[in-house]
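Respectively, the protein sequence lines represent chains V and H.
The first sequence: position 75 = 75 (my numbering), numbered continuously.
The second sequence: position 29 = 29 (my numbering), numbered continuously.
Where hints are given, some of them may not hold.
To be verified - Mimicking DSSO-like on lysine-lysine, the simulated pairs with C-alpha atoms at most 30 angstroms apart in a straight line are:
#1 K77(V) with K50(H)
#2 K77(V) with K57(H)
#3 K77(V) with K15(H)
#4 K77(V) with K159(H)
#5 K83(V) with K74(H)
What the hints assert, rightly or not - To give an idea of the interface, some chain H residues facing chain V are shown, with a C-beta separation under 7 angstroms as derived from the structure:
#6 I10
#7 Y14
#8 N66
#9 Q170
As the list claims (entries may be wrong) - Some chain H residues near chain V, calculated using beta-carbon distances under 8 angstroms:
#10 Y11
#11 K15
#12 S16
#13 F19
#14 L41
#15 I119
#16 E138
#17 Q144
#18 L162
#19 V166
Please keep in mind that the hints were generated in silico from the structure rather than gathered at the bench.
Using N, Cα and C, we set each Cβ at its ideal position, and we do this for glycine too.
Residue-level listing of the chains:
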Amino acid sequence: MRCQDVERLMIEAGERELARDERLLLERHLARCAACASFGNFLNELELSVHDVPGPALPSELENRVRLACHEELESKVQGRRKRSRSAPSAGVPWAIWAALVALTVLTLSFLIPGVEAFRQEQKITLEAVVALLLVFQNALMLFFAPVIMRRRRFSGPTSGHWS
Amino acid sequence: VDSSAEFDEIYDRYKSDIFRFACHLTRNRVEAEDMFQETWLRVIRHLPEKEDRENLKPWIFMIALNLHRDLLRKKRIRRLFLLSRGGREADRISLATGPAVAGSDPALTAERASTWRNISRAVSGLPEKQRRVFVLKEVEGFQQAEIAQMLGIPVGTVKSLLHRAVKRLQRELTPFNPGGRKVKCDAKMLSV
């Protein structure tokens, strides 16, 4: 075992229980190597000194100043969260969108059923069938983009803000 | 943090550790105080939810470490543009300013203060990376694996840095240690 490994093992011994063979190797090496024994003594003394003596004291003025600053930061954080939750519009879909969707669905069905029936019987695309398909497409687009439009309006500021 | 009481509990538990760590890292009172304040403000801003607060101490120390890295980067840039004239001597911190242990013998206290002064001077002289690892391990009591995680380096590197730090401290501190003597390693003895 090299001295370097022994020294590292001694440092590790402060953190974990050494295995039996590690301990034996260490003891045998230390009995014959004065340099490593000296390192071990130094390490012990250093650890004791570091743990024994208190470090720099936290000035009470700084402690109070930082505590106050943190309380202020905390307060503004909580207020900001409250403000956001107050100003946020209701999560539900506005009635205007529901009405538009219902109207479009009724129109689609009333055009779609005769159009599809005609297409099935005559095997050709009629004007009604085309209109029905267009309405279906429009409905799908509306359903797809409604949440995006709502979100954009929600975050566009207080003046252009709310659906209600 | 949702309430001041909750914050106060965390603050009271770790404030001294963080200040001591800031002092060791910066070696400058003004910088240590700034770093201490900024660390706690960041804690307020980014503190995880209650259920994710198992490793709070390493997390707070990591914030301090990141702040110190930023500080060093800024210093390097300032030095690059020759704007820095070096810190004022008055701001240099003496790490041996800890209060005397209540009820202890004055002679013992003085001896401890002197020992600590020597150690802190030697620790201050360590290279940046070695100092970080040494302080985290020996002063703050973190495990080597925790330090590796905090610094984002392999455990082997932590071991190596720590070993080099202790060796260097031994070289520096031997003159202050009356019982200590320099012993040269005999290569012939290494066969064991």
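Taking the hints in turn, this is what the structure says about them:
| no. | hint | in the structure |
| --- | --- | --- |
| 1 | K77(V) with K50(H) | holds (17 angstroms) |
| 2 | K77(V) with K57(H) | holds (23 angstroms) |
| 3 | K77(V) with K15(H) | holds (21 angstroms) |
| 4 | K77(V) with K159(H) | violated (41 angstroms) |
| 5 | K83(V) with K74(H) | violated (36 angstroms) |
| 6 | I10 | violated (10 angstroms) |
| 7 | Y14 | violated (11 angstroms) |
| 8 | N66 | violated (18 angstroms) |
| 9 | Q170 | holds (5 angstroms) |
| 10 | Y11 | holds (6 angstroms) |
| 11 | K15 | holds (6 angstroms) |
| 12 | S16 | holds (5 angstroms) |
| 13 | F19 | holds (4 angstroms) |
| 14 | L41 | holds (6 angstroms) |
| 15 | I119 | holds (6 angstroms) |
| 16 | E138 | holds (5 angstroms) |
| 17 | Q144 | holds (6 angstroms) |
| 18 | L162 | holds (6 angstroms) |
| 19 | V166 | holds (6 angstroms) |
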